[in-house]
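Each chain, written out:
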Amino acid sequence: MSSLYDRLGGEGAVNAAVELFYRKVLADGRIAHFFDGVDMEEQIAKQKAFLTMAFGGPNNYTGADMRKAHKRLVEKGLNDSHVDAVIENLNYTLRDLGVPEKEVKEVADLANSVRDDVLNR
Amino acid sequence: MHRAIDGAPPAESQSGLTDAQKAMGYFLPCICRPSTPLTILRPDDLGANFEAVVQAIDSLSDDIVRLRVEAEGFAYRPGQFIELSASEALKRHYSLASHPDEDPFLEMHIRLHQDGRMSRHLAENLQPGDKMHVAGPSGSCFYEGVNLDQPMLLIGAGTGLSPIYGVLRDALHKGHRGPIRLYHGARSHKGLYLSDELQALSHARDNFNYRPCAFDPSAPHGGDVAATALEAEQSVSEAAIFLCGGENLVKRLKRELFMRGASLKNIRSDAFTPAPAR
Chain A
1 MSSLYDRLGG EGAVNAAVEL FYRKVLADGR IAHFFDGVDM EEQIAKQKAF LTMAFGGPNN
61 YTGADMRKAH KRLVEKGLND SHVDAVIENL NYTLRDLGVP EKEVKEVADL ANSVRDDVLN
121 R
Chain B
1 MHRAIDGAPP AESQSGLTDA QKAMGYFLPC ICRPSTPLTI LRPDDLGANF EAVVQAIDSL
61 SDDIVRLRVE AEGFAYRPGQ FIELSASEAL KRHYSLASHP DEDPFLEMHI RLHQDGRMSR
121 HLAENLQPGD KMHVAGPSGS CFYEGVNLDQ PMLLIGAGTG LSPIYGVLRD ALHKGHRGPI
181 RLYHGARSHK GLYLSDELQA LSHARDNFNY RPCAFDPSAP HGGDVAATAL EAEQSVSEAA
241 IFLCGGENLV KRLKRELFMR GASLKNIRSD AFTPAPAR
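Chains as they are written, first to last, in this note's numbering: chain A, 1 to 121; chain B, 1 to 278.
Just so you know, these hints were derived from the structure itself, not from any lab. All of these numbers come straight from a predicted model, not from anything done at the bench. One thing to keep in mind: the hints can contain errors.
[Claimed, not checked] DSS-like, lysine-lysine: derived pairs with alpha carbons at most 27 Å apart:
1) B:K91 <-> A:K76
2) B:K22 <-> A:K48
3) A:K46 <-> B:K265
4) A:K48 <-> B:K265
5) B:K91 <-> A:K46
[Unchecked claim] Here are the in silico distance ranges between beta carbons for each label pair:
6) A:D96 <-> B:E12: 26 to 34 Å
7) A:G12 <-> B:E51: 46 to 54 Å
8) B:P179 <-> A:R23: 18 to 26 Å
For each residue, glycine too, the CB sits at the ideal point set by N, CA and C.
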């Protein structure tokens with residue numbers, strides 16, 4: 001059986017998903033404020049790296065980077081409910097793109113696996 | 001990221017870069033196996049570096065001047081910016097409104113700030129025939145990479161019109177066929193410089209529309225260029241978008257247009273920041 005990343009369509013699928021996903025995140029009142037003032041180009045590159053990891057693709061994921069990137073946000077109140085919201089938006093994005101539920105679940109599980117790093121615990 | 005100024009980097013070494021970065025020769029050295037010789041710039045190298053003779057300084061409005069300096073053979077894309085120095089201690093970035101194939105000079109539109117050191121130098125000391133130092137060009141605010149049939153949305157505030165005007169001229173020079181809509185915002189009607197030229201152009205060409213917006217309580221949206229453009233531009237997902245002006249305006253427009261479906265790859269911008277006080 002081919003890998004999750006290949007089943008989803010590889011880099012093309014990440015490219016198709018990333019702006020859609022970022023738009024949903026920015027439109028979500030529960031989490032949008034964490035992105036105030038960020039550089040959008042830099043942020044989309046980070047979102048792309050995150051999606052590549054969550055899609056099971058080639059990545060250089062390190063928990064240390066994830067911890068460092070979110071440390072300041074945790075101090076400002078980032079918690080489990082916000083991670084839930086992000087994963088929810090990821091699920092909606094994949095469904096919009098016609099990804100089958102089985103793969104949506106696999107992506108959500110991979111995204112969920114970095115929760116403790118994101119929340120610095 | 002490195003930049004090749006001669007030779008073509010292989011396509012895979014440019015994967016993930018924007019069209020503007022590709023056009024400028026940027027590539028990722030970590031995945032680059034050159035198939036032809038490449039001449040690359042050091043990351044801190046600004047490119048050309050030369051003395052330019054001042055040709056003219058003319059007034060465009062009460063506080064905006066047009067500076068033209070001779071620059072024979074200087075390679076740039078209209079809309080990019082250069083570093084202009086009057087001395088080692090007095091350097092500023094200015095965007096180019098001129099066209100290398102049409103003008104034998106570099107043209108910049110510069111707002112004169114009352115307490116600005118470069119502003120005072122330009123207004124009080126500088127004469128045609130004087131020399132200034134030019135380095136560059138930099139920036140990705142240029143036409144290359146836009147499809148000839150793509151709709152274009154150009155929004156500039158204040159002297160943000162300088163690069164926008166450069167991009168417009170290059171689009172027309174290259175025979176752009178898609179619709180082009182230009183919004184120019186200013187704090188007052190006097191700040192709507194080049195208005196006559198742009199009006200005439202919009203009458204002469206079917207595919208060019210010019211919308212000047214000056215702050216005015218009685219105008220729609222109080223004359224705010226961002227609000228005016230956002231109201232009129234409801235479908236932007238296919239458009240090539242250029243945003244130039246103050247940082248807040250550029251950020252606001254970029255986010256709003258992205259949320260409406262514009263791809264970040266299709267948005268090029270230059271946010272102007274004032275020189276630090278000293």
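(message) Would the hint linking B:K91 and A:K46 be met if the CA-CA limit is 27 Å?
(response) This hinted pair is violated, its Cα atoms lying about 33 Å apart.
(message) A range of 26 to 34 Å was offered for this pair. Does it hold for the Cβ distance of A:D96 and B:E12?
(response) holds (29 Å)
(message) With the threshold set at 27 Å, check whether the alpha-carbon distance from B:K22 to A:K48 stays at or below it.
(response) holds (19 Å)
(message) Can you confirm whether the C-alpha distance between A:K48 and B:K265 stays at or below 27 Å?
(response) Measuring from Cα to Cα gives roughly 13 Å; hence the hint holds.
(message) Holds or violated: the 18 to 26 Å window for the beta-carbon distance between B:P179 and A:R23?
(response) Hint holds: Cβ distance 25 Å, inside 18 to 26 Å.
(message) Please verify whether B:K91 and A:K76 have alpha carbons no more than 27 Å apart.
(response) violated (39 Å)
(message) Against the range 46 to 54 Å, how does the distance between the Cβ atoms of A:G12 and B:E51 compare: consistent or not?
(response) With Cβ atoms ~49 Å apart, the hint holds.
(request) For the pair supplied as a hint, A:K46 and B:K265, confirm whether the alpha-carbon distance does not exceed 27 Å. (result) Holds, because 15 Å separates the two Cα atoms, which is no more than 27 Å.
Consistency with the previously given hints fails for numbers 1, 5, ordered from lowest to highest.
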